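> Those protein sequences? They're chains B and F, same order as listed. Everything in the first sequence is counted per my numbering, starting at 1 for the first residue and increasing by one. Everything in the second sequence is counted per my numbering, starting at 1 for the first residue and increasing by one.
No lab work stands behind these hints, which were simulated from the structure alone. The model shown is predicted, which means the values in this text are computed figures rather than measured ones. Any given hint could be a false lead.
A pair counts as met if it fits within one copy or between any two copies, since identical chains are not told apart.
[Said to hold, decoys possible] Taking lysine to any residue and the SDA-like style, the derived pairs with C-alpha atoms no more than 20 Å apart in a straight line are:
1) K282 to P184
2) K282 to L313
3) K282 to Q320
4) K257 to I211
5) K180 to L313
6) K207 to I181
Number of protein chains: 2
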Amino acid sequence: MTLGCPYGTHRVLEPQGVLPQPALRLDNNFSVLYDNEILIEVRVLNIDSASFTQIKHQAKGNSAAIADILKETVSRRGKQHNPVTGSGGMLVGKVKAIGKALEQRSLRVGDDIATLVSLSLTPLRIDEIISVHTETDQVEIRGEAVLFESGIYAQLPADLPQKLALAVLDVAGAPAQTAKIVKPGDTVLVIGGGGKSGLLCLHEACKRAGITGKVIGLSHSAAGLERMKKSGLPVLALQGDARDALWLLRQIERLTKGKLADLTINAVNIPQTELGSILATKNGGTVYFFSMATSFTAAALGAEGIGKDITMLIGNGYTQGHAEIALEILRENLRLRELYASTYA
Amino acid sequence: MTLGCPYGTHRVLEPQGVLPQPALRLDNNFSVLYDNEILIEVRVLNIDSASFTQIKHQAKGNSAAIADILKETVSRRGKQHNPVTGSGGMLVGKVKAIGKALEQRSLRVGDDIATLVSLSLTPLRIDEIISVHTETDQVEIRGEAVLFESGIYAQLPADLPQKLALAVLDVAGAPAQTAKIVKPGDTVLVIGGGGKSGLLCLHEACKRAGITGKVIGLSHSAAGLERMKKSGLPVLALQGDARDALWLLRQIERLTKGKLADLTINAVNIPQTELGSILATKNGGTVYFFSMATSFTAAALGAEGIGKDITMLIGNGYTQGHAEIALEILRENLRLRELYASTYA
Chain B
1 MTLGCPYGTH RVLEPQGVLP QPALRLDNNF SVLYDNEILI EVRVLNIDSA SFTQIKHQAK
61 GNSAAIADIL KETVSRRGKQ HNPVTGSGGM LVGKVKAIGK ALEQRSLRVG DDIATLVSLS
121 LTPLRIDEII SVHTETDQVE IRGEAVLFES GIYAQLPADL PQKLALAVLD VAGAPAQTAK
181 IVKPGDTVLV IGGGGKSGLL CLHEACKRAG ITGKVIGLSH SAAGLERMKK SGLPVLALQG
241 DARDALWLLR QIERLTKGKL ADLTINAVNI PQTELGSILA TKNGGTVYFF SMATSFTAAA
301 LGAEGIGKDI TMLIGNGYTQ GHAEIALEIL RENLRLRELY ASTYA
Chain F
1 MTLGCPYGTH RVLEPQGVLP QPALRLDNNF SVLYDNEILI EVRVLNIDSA SFTQIKHQAK
61 GNSAAIADIL KETVSRRGKQ HNPVTGSGGM LVGKVKAIGK ALEQRSLRVG DDIATLVSLS
121 LTPLRIDEII SVHTETDQVE IRGEAVLFES GIYAQLPADL PQKLALAVLD VAGAPAQTAK
181 IVKPGDTVLV IGGGGKSGLL CLHEACKRAG ITGKVIGLSH SAAGLERMKK SGLPVLALQG
241 DARDALWLLR QIERLTKGKL ADLTINAVNI PQTELGSILA TKNGGTVYFF SMATSFTAAA
301 LGAEGIGKDI TMLIGNGYTQ GHAEIALEIL RENLRLRELY ASTYA
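Just chain B, same shape as in the assembly (with noise of 0.2 Å):
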């Protein structure tokens, strides 16, 4: 039996020792498998959100010229792991071949799957680009990818429609995470709360909250503060700019009587946001960083920057029963699940 590395570095190529996250190129040559690896019939490319709005700035709009861009990063790289942001995303696709060490899983060839390991690490070759929709991050593709052995990935459920069910999963860890957090009675700043994960997190803010709790949701957009108010969840939705921290701190001390939130859950994908979130939580609170676009010496520097005791966390995208959690929460709230639907899949 051939094993390789259960963490992939058997096909890291460039540098040698490090792993497949980090390093410059991957083996994305799938004629010879590892016995513990998972062979994947690729569909759908479904790029994460900061990387997708780079590339798409960067090609003008033009789909053909984004999916150049994709094809090019992914023949030089073995992987769709955008040079620029460092993040990648995650794909859907049918179980082609399973390694004899990953026999005794649940899980059978012809499965749809969905990998929720990010694309920043999954070796990848693309045959050919089939679309590119520009309004949902997605991209259709004919090609094929590969899971280590460590990788995670949920079975797509069979009662929702699967780029729903995608668009969830590429931002489960967001939202469970703040199911973890949040305790009755918090206060709790979602921006970005009229996003992709954004929404998410505002249902699980207002369920944990409850009653005696206050959800207050931030959108850069009018399109963003429309989608809080369609939501259903009884939130505090405001429409600005949370680069604007001076600004964001004064609407937080009069939406709280100048208590200022327990909680801050950053989801917004745009930088300079750091400040602002530590200015709107209060000495003893929480900020969660969930933004790739987060800068850790800006986090780091404005809390001391302030004397701001408060503890700030480096959102993981991996939590246990994360898929679980989110994909529940469509099944809970109907509108929620119109909105997204007609949004993002």
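With chain B held as given, fit chain F onto it using these hints.
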């Protein structure tokens, strides 16, 4: 009475409407002071370790070239905010003037203080660079700086030499947070344990984990290994490269009989140690990233990529009582005090 913004936005010249830390340029004309500002006659700049390493590298180790780089940055930005690393440091000086609105504070003109907010947001004017100490990251200057109303500071203790106190205060956040997180019986790994903040973290980790705990220190250099051994602390001292994530995993597996660390404190000022930190930590455990060289995306995607359910914290340079906790270490551990004095002060 002319009051400035407590957070110092009144001294931001470019771009308008942001806080002093992200600003490109601050007003360092101190001929007019606001009534909630403190004017300091600066004696010593203690440059952040990541920043000083970068400057030293750029200057090829030459002291005069280092001085030129510092003068250029401060004349352009009105603050010692390293444009490459984004980090700052702190300063020591004598209080020269206290605004009327702050007269109720227990601070007098003539007091020696160290600022505990980053130089990256502190308006500063350098009149002369007197000497550059490449071994301690400290620079003696003649100049002035302003502390805003929200800016935290520490009066220098009478029983400790000034340079020693300054070296400790510069990294006070890390050991104070360590003290607050470590529980009796914990297995703690300190990456960069032989360094300036790492040694203090090791002291607090040993003290708080106690006889039922286990504390492991990792240093890249032989000198750091030697410092850990000389510290008098019951530390399992390792030498090696934390960027080699799989090597680190094997070492921590060996030392913990496969259980891994409950808490990993990353206090090493080199990039690409995120994955090693994550791999060394058990499911359900915590990684505290104190290094300014931490990449947010590498940490976030790294944990997701290997499906690890851990809490990842962004090191906050401030937590209540951090100066007191950190300075007390030198009174509790005289071996560490000697070591610290001979290495960093």
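> State for each hint whether it applies.
Hints, verified against the model:
1. K282 to P184: within (17 Å within a copy, 29 Å between copies)
2. K282 to L313: So K282 and L313 pass the 20 Å test inside a copy (15 Å) and across (17 Å) alike.
3. K282 to Q320: So K282 and Q320 pass the 20 Å test across copies only (14 Å; inside, 28 Å).
4. K257 to I211: within (18 Å within a copy, 47 Å between copies)
5. K180 to L313: This pair counts as both: shortest intra-copy Cα distance 13 Å, inter-copy 16 Å.
6. K207 to I181: within (12 Å within a copy, 29 Å between copies)
Comparing the model with each earlier hint shows no violations; every hint is respected.
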